[in-house]
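Residue numbers (numbering that gives the first Met the number 0), protein chains in the order written: chain W, 0 to 679; chain X, 0 to 679.
The set of hints was computed from the structure by calculation and includes no laboratory data.
Model, not experiment: these values are computed from the prediction.
Accuracy of the hints is not assured; some may be wrong.
The list treats identical chains as interchangeable, and a pair is accepted whether it falls inside one copy or across any two copies.
[Stated by the list, open to error] List of simulated lysine-lysine pairs, DSBU-like, C-alpha gap at most 30 Å:
#1 K396 / K7
#2 K237 / K359
#3 K28 / K396
#4 K409 / K237
#5 K249 / K359
#6 K359 / K26
#7 K28 / K359
#8 K7 / K249
#9 K26 / K237
#10 K237 / K7
#11 K7 / K409
#12 K237 / K249
Protein chains: 2
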Amino acid sequence: MNAPDRMKQDVRCANALRFLAVDAVEKAKSGHPGAPMGMAEMAEVLWRRHLRHNPANPGWVDRDRFVLSNGHGSMLLYALLHLTGYALPLAQLQQFRQLHALTPGHPEVDVTPGVETTTGPLGQGLANAVGMALAEQLLAASYNRDGHAVVDHYTYVFLGDGCLMEGISHEVCSLAGTLGLGKLICLYDDNGISIDGDVAGWFADDTPARFRAYGWQVIDNIDGHDATAIDQAIADAKADTARPTLICCKTVIGKGAPTKAGGHDVHGAPLGADEIAAMRDTLGWTAAPFEVPPDVAGAWDARTRGRQLETEWNTRFAHYRATYPDLAADLMRRMQGELPESLESDVMALLADNSPLRQKIATRKASQLTLETLVGELPELLGGSADLSGSNLTNVKASVWVNHAENVNKAGKKAGNYVSYGVREFGMAAIMNGVALHGGFIPYGGTFMTFSDYSRNAIRMAALMRKRVIHVLTHDSIGLGEDGPTPQPIEHAATLRLIPNNRVWRPCDGVETAVAWLAALRHDSGPTCLLLSRQGLTPFARSAQQIVAIRRGGYVLADTPAIPEVVLIATGSEVEIAAAAARALGEGGVAARVVSMPCVEVFYEQDAAYRDSVLPPGVPRLSIEAGVTWFWRPVVGESGVALGLDRFGESAPADALYRHFGLTAEHVAAAALGLARVQS
Amino acid sequence: MNAPDRMKQDVRCANALRFLAVDAVEKAKSGHPGAPMGMAEMAEVLWRRHLRHNPANPGWVDRDRFVLSNGHGSMLLYALLHLTGYALPLAQLQQFRQLHALTPGHPEVDVTPGVETTTGPLGQGLANAVGMALAEQLLAASYNRDGHAVVDHYTYVFLGDGCLMEGISHEVCSLAGTLGLGKLICLYDDNGISIDGDVAGWFADDTPARFRAYGWQVIDNIDGHDATAIDQAIADAKADTARPTLICCKTVIGKGAPTKAGGHDVHGAPLGADEIAAMRDTLGWTAAPFEVPPDVAGAWDARTRGRQLETEWNTRFAHYRATYPDLAADLMRRMQGELPESLESDVMALLADNSPLRQKIATRKASQLTLETLVGELPELLGGSADLSGSNLTNVKASVWVNHAENVNKAGKKAGNYVSYGVREFGMAAIMNGVALHGGFIPYGGTFMTFSDYSRNAIRMAALMRKRVIHVLTHDSIGLGEDGPTPQPIEHAATLRLIPNNRVWRPCDGVETAVAWLAALRHDSGPTCLLLSRQGLTPFARSAQQIVAIRRGGYVLADTPAIPEVVLIATGSEVEIAAAAARALGEGGVAARVVSMPCVEVFYEQDAAYRDSVLPPGVPRLSIEAGVTWFWRPVVGESGVALGLDRFGESAPADALYRHFGLTAEHVAAAALGLARVQS
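Starting from the given sequences, assemble the full structure and let the hints guide the process.
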């Protein structure tokens, strides 16, 4: 094909994206046409000339990743997936935004083949992409060998003004620059418009200068509708593998709409039949809605090239496997998310009678002791902390800090299994989501529990995407003491438990902490939050049966030979208070059972027979947790008592605070006595 | 005093800060000495040479504001407040971090005289300061007249690496630059150390370049221990009133500690007796712990100058009052946070029979209709949205956009009562906190309800500080439809309700929306979240008594002449479903009462007699809310039924989703019938 014809084809390919987006939004009577129309040339160039993928196998491990961070432009992505040959037929595009369609309002991973992450909440797609690029870099540093670049792909992002205004863009781009994630390439759809109108009134950043300040390569002043310029910019971006690249593309939102282009009305509503008809005239597009002209379909079809790319990689990988069979097997195991078979026995071995986990230690310390073993056993564990390593105790002897200059491999790339994310809680959480999405890693990261507020929507996104990400949330109550109410969590245990698919474990001692880690690693359909104490906690003796029962989320920790007159239910640091109260009650002739309930969600997934065996119907219940009590009322029932804290904390030593707020064995015993007496 | 003596005095003044901080942390056996030691010269220069304040009256309305954004350095602030003459005696410094002391672990507003905001969660103090500077600029634009600069103060911030790594610093500094908040002056304690160690491994930004990209004046390469350089930098900062200023001060963390200075061990732990003794030797400090040498005490005492400054201002204000009595009265009313007396009748007038609020409209629209009146009546309302004005419907005819170029007064300053915050939910919320802290405004701001996750910790901080900030959270359920699960809130109503001091209103129609706004304005001891629908909701007829009862948080909306056999409790968009179910039940001969419970927290603050009159004991209960059901179990009790959604939503039209998830009148009626039958 000669140059003019090729250019004409490129234009038609871009316009095919425009019309699929516009027609689908029109049919759905809802959606966002402006962004797909403005990014059509960017998409055409990236997807037809650079992106290495195989539509027949969206799970090819070394594919380039593509993230649409401005996820409201979902129809652009669906059009790309359809046109390049993914299992996304036109009928699905016609069902855009309808129930059970593969084309939901915003892209959702594991719903639509080829979608790499769920986007919509602005800035997080970009953060996920930083995680993917980090995963690629670390896997490459671990597994590639001379002449065997088996991990070798780019991560591309489309993003808009909204992503760049969000604070998380600062957190993750600053870190990406520091870590030199050179295979991360971001294309900024700089259309100057956000929902409130012309962004100049609220977003006047010199964005290129900002990103240069992060150590990025910035290629600015690209005409986002000039395919040649975009093509060259992407080539330049790929060539610099030492720095991430931002390509700033000046675009016109809704480009192609004769009267609406360039205005914010085109952002989030259908164009209307008249505008679309005029657009067809203007662009010389004669095809009907959802009709892709054969020449365009052929030009877009990426299946042959995709098969070829993956086949080449398969050949390379076969050579690698032949030379490094163990590495190859381990890489594949990791990419498939399979745990080593030895995990169970490794963790159980930690619980021997003489284990340091059986000492009086903080559960954050117990977590670190557990990690000392786990990090050695599981190369897929990618640890980290939002600048609180020494407080969260997330780092262990086997931790190799990605951040440290000495941990750079001979290719000049950072290597390691531990990331100091800096003071960037939300960024950390969303990067961890991206790491999990990439595959090859189980990310865990620490911060103070209260600052789960900062990362909350990323925890929710992991829950929505059902990805295995582990949050190590230490300083889990007023027990942190003198730092006072700002870091003291009150409502957080309860509110984290209310996120669907999220699991919250609040272990009461070293043994429960190790079991909680095991449960977290095995929970592969959502995130886990481990709530850990700053202060030392009294260890409990347990039978083998009891240790097994921990996994059921709640179990009888200390019982009375008699039929219990009252059941005391507690979590974490309050279990020892409940146990002391039970002893006092016993001495006073009241039979009290102690139930430890480290994971309420898992306990309520158990069958009724088990639950009733732990919490016998008719026996009055008292709960104690140093947080909001409303959450516990369904557990204790109308006749029960929920002890906790329904106000913010104070600044004082932990013991003084527990006394001040009445969270003492004496108070628990007195309340339980009242309950037992009323009942009898 | 000659120059060498003055310099010597300055040094002793700075060292007094160091020793008070070090000795207090040592006595408390906990705290953060490193930051106060590193910032001692910055503090000495700012507080002794620039800050305009009156220790005898921390409430003087035109005082300069000072925010310690790196709040863990609290002892620096306590030392400053003590030394300059605030009501914070030495005995309180000796009780640092102890129960009931005025010197909690992190600074808390309304606990310690002179503390302007509660800090600790990094980045938010800076954001509060942006809010204070914005408030000053807007008040000045509204109230100052030629020759009468009655609102005229600076806002100063100390901040550290941690604040600058946090995403919120990007959001608020980008906006501050765009809005030209020229009287905001930030001093960056650039000590190169964060908790994980040398920041170079995770924070390599060119921070001066970053802030220049935001349009700030940046004064960099200041030696943070050179008082003369700091003094000149602050003078230069004050001189540029068109741009906010960042002064980058290179400092040594723990400066003055002979062996520990410059390392991260000095960040968050006592220095120890030996190090402190050596420090006394090195710095030639002979005073005992908590002893302030008389010459130093005298040099620090700011009471005389403070009285003089306020007296001068009082004189100026008296002239202003004489010339502009109405403006002066209104400004003082606003600064005192008093609502106009007409508010009640204004809102009630909105509820006339022919009111548009009585039509079938979305509650977000009802909110806008209410605001049409409120914004006209209350000049203190400062509205805004995180780039969703047209969706949140937070803007009204009387809204004057601060962002728009035409709304600049003749002094070149932005004026107005509405802020397009850009896509910056967390920044918006924390700026609103700062606006409320400054006084003179009741800020309200909108975003999609799910993105309260982004701003969550700022909502919590308003709750902790008990400040009146109103969050307009629209698109409050799966009822938003096709945009799908990422923006559809599921757990948010429940989890927002669990934040102490936060009030959550989810009105069911226009009338309840207006009353919710009234309640929000009157709730002056914490934030309010208004949860509003995207979709139109059926209006209900109410008696005058019922309208009054709305304020009690829950009330009988539709009753049966017979004794109810079942009570249906609902909020927001689910009330009309409950009402339809009650009608169906009634037609089937089952007497069902409908309770609307727009604010669960307020309902449970009512006395038991009222609560029992609404929810008669013994009558079975069913709740319906399109969110997690666990929250409602205490309301319906063990025998009741809580209908809702315990999983994430889907992308589809709203009606299809309600049917898909079984949130229909038919389903409610069937479940209620089961309940009523079991009971009878």
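query = Hint by hint, which ones does the structure fall short of?
reply = 1, 2, 5, 9 and 11
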